[in-house]
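S.K.: Please build the complex by placing chain B on the supplied structure of chain U, with the hints as guidance.
One line per chain: the protein sequences are U and B, in this order.
Note that the first sequence covers residues 147 to 395 in our numbering.
Note that the second sequence covers residues 823 to 1140 in our numbering.
Hint data in this document are derived by calculation from the structure and do not stem from the laboratory.
Computed from a predicted model, the values in this text were never measured in an experiment.
Careful, some of the hints might be misleading.
What the hints assert, rightly or not - Dumping the calculated SDA-like pairs for lysine to any residue here, alpha-carbon to alpha-carbon at most 20 Å:
1) B/Lys955 x U/Ala162
2) B/Lys908 x B/Lys836
3) B/Lys955 x U/Phe222
4) B/Lys955 x U/Glu233
5) B/Lys1112 x B/Thr1089
6) B/Lys836 x U/Glu233
7) B/Lys955 x U/Ser158
Said to hold, decoys possible - If you want the ones that stay clear, here's a sample from chain B, every Cβ over 12 Å from chain U, calculated:
8) Ser881
9) Val922
10) Ala1094
11) Val1103
Glycine included, C-beta positions come from ideal geometry on N, C-alpha and C.
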Amino acid sequence: MTFLRDTATIFSREFAPVWRDPLSLVFTMAQPLLFLYLFGPLLENGTDTPGPAWQWFVPGILIMMCLSGPLMAGYFLLLDLIGGSMERLLVTPVSRTALLVGRTLKEFVVLLAQAVLIIGLAVPLGLDPHVPGVLTGLTLLVVFGIGLGGLSFVLAIVSAPGGELFYGVTQVVMFPLLLLSGVLLPVENGPGWLQVAAAVNPVTYVVEAERALFAGRFLDAPVLWGAAAAVVTALLGLHLARRRMARGL
Amino acid sequence: MIHARGLTKTYTLKKTSVDAVRGVDLDVEPGQLVAFLGPNGAGKSTCLRMLTGLLPPTSGTARVAGHDVTTEAAAVRARIGYIGQKGGAGEAFRIGDELVTQGRCYGMTRRAARSRAEELLTVVGLDGMFARKPSTLSGGQRRRLDIALGLMNRPPLLFLDEPSTGLDPASRADIWSHILRLRADHGTTLFLTTHYLEEADAMAERVVVIDQGRIIADGTARRLKADLAGDRLTVTLHDPADVPRAAEIAAGLPGAAGLASDGPRLTLRVAAADRALPEFVRALDAAGLKIDTAESSRPTLDDVFLALTGRTIQDEEA
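For reference, chain U alone in the conformation it holds in the complex (with noise of 0.2 Å):
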């Protein structure tokens, strides 16, 4: 009960200023706007994607936001480590637990309304959402989000206070894991060391069972390879980031 409550407590601290600002949600979604214009144009009448270009691009868009999004989560509390606020939460009774969920559900929620936001631009553009598909393909992208949000906290944990580490490895990491995931060009067409590395990339299932959701094909086997992904990515991320808490910061 004190966990709900301190969660809830959490999540409207860091959604006030979001929610008294709705606009900084457009321009720090700025990137993927510019990606779904500039860039799928160029993809819709070549021959360079399997499938309908829309279909197959903008899956890949939404994995663009779900690594930057929890990214930011990551930034905002280097912020809140580097100057006081997270100390000062810290000593009184919140949960600590509540303190990371709390952060991590208002980037979820920040993340789903970029990413409706997202598909309803690009349905007039020529994509055809296949709704239960759409609805669990973003389900997946929480729980990927969540699992690279609590890499991302302790990643910011341990950069505090310089932060360096944290620009750093972010990237470092970020374009490469994008790159090698297939989202803007389908990997296929490329030279087969680079296929090598995108097939240990967990990034790319994840996009590859958006791609299959997207077209409502539940039972293919990106979908589970994704889902696993995801899944595992999750366990992962909460795993360290509670035990990174535990320690004290």
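M.R.: For chain B alone, coordinates are given in the frame of chain U:
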């Protein structure tokens, strides 16, 4: 209010262990104002973080506000306030919202937290600033906001980590007036760290000195200075040849110690300079020794630290 026994913290940094705090015993009674003094790296903040439950001790126990910091952390947290070195309010949030969040973390309803927030903003002179963000406040105003954040739960015990560091003199005086008023109005026990010696001297009734992880002195500022540093007398003799005879007379003064001469100047420590100086001057006069100047000086806490460790606090910070 605070009872610590054998409190120890050992860190492992790059495979070498660092003893930040080595066996601290400390008792603070309700209503006391204690200044925790020491150079940077002495273990002040580490002690404070252990007493507030932010950091688990490596060994030893501490009961704070009636509960054990390790086994009853939640009960301790509910009863203490803490004002850290860094600003407590997040930059992205309205200051009123941060106060309400703080209250809700202590289990208050939103409504109760809101009215407490408004009340405290008035107390610290920030009324009408509920909807402002921290970035629009001055340094002194931010510090007052931190005090408000630390008081949301009406704590009987308040920890302050360097409350006045980095503020201009007027803001420092203002912060102190808030701190002292707290004590006068609510009998709040105050435990604060500072490296402004003159502040500890003027404000705290009890000074605890920590160095290299150990408490090396504990008492009123007056007592520490009298016991450890003593008052100082300096006279300049008209004829340097008279110095040895003057030194003989000086040695007979109550509590005389640390006699030293430099040309015609003779210095020594005495128990109470205000009484010793007239006596010394009369005795020199009676012996027919002529002096040009005579002065007494009271020791500072820096002299105390110097007497204890052979180093000055400023040395350490350089």
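S.K.: Does each hint hold? Answer for all of them.
M.R.: Now the hints, each set against the structure:
1. Proposed proximity of B/Lys955 and U/Ala162 is supported: the alpha carbons are some 13 Å apart, at most 20 Å.
2. With a C-alpha separation of about 26 Å, the suggested pairing of B/Lys908 with B/Lys836 is violated against the 20 Å cut-off.
3. Of the pairs offered as hints, the one joining B/Lys955 and U/Phe222 holds, with about 16 Å between alpha carbons and a cut-off of 20 Å not exceeded.
4. The straight-line distance between the Cα atoms of B/Lys955 and U/Glu233 is roughly 19 Å, inside the 20 Å bound, and the hint therefore holds.
5. For the given pair, B/Lys1112 sits about 16 Å from B/Thr1089 by alpha-carbon distance, which is consistent with the 20 Å threshold.
6. Taking the CA atoms of B/Lys836 and U/Glu233, the gap is near 24 Å; set against the 20 Å cutoff, the hint is violated.
7. Between the alpha carbons of B/Lys955 and U/Ser158 the distance comes to roughly 17 Å, so the proposed pair stays at or under 20 Å and holds.
8. Listed as a non-interface residue, B/Ser881 keeps its Cβ farther than 12 Å from every Cβ of chain U; the least gap is roughly 15 Å.
9. Interface exclusion of B/Val922 from chain U breaks down, the closest Cβ pair being 9 Å apart, not more than 12 Å.
10. Against the 12 Å criterion, B/Ala1094 stays outside the reach of chain U, whose nearest CB is about 44 Å from its own CB.
11. Every C-beta of chain U lies more than 12 Å from that of B/Val1103, the closest at about 54 Å, which supports listing it as non-interface.
Hint compliance for this structure: hints 2, 6 and 9 are broken, all remaining hints hold.
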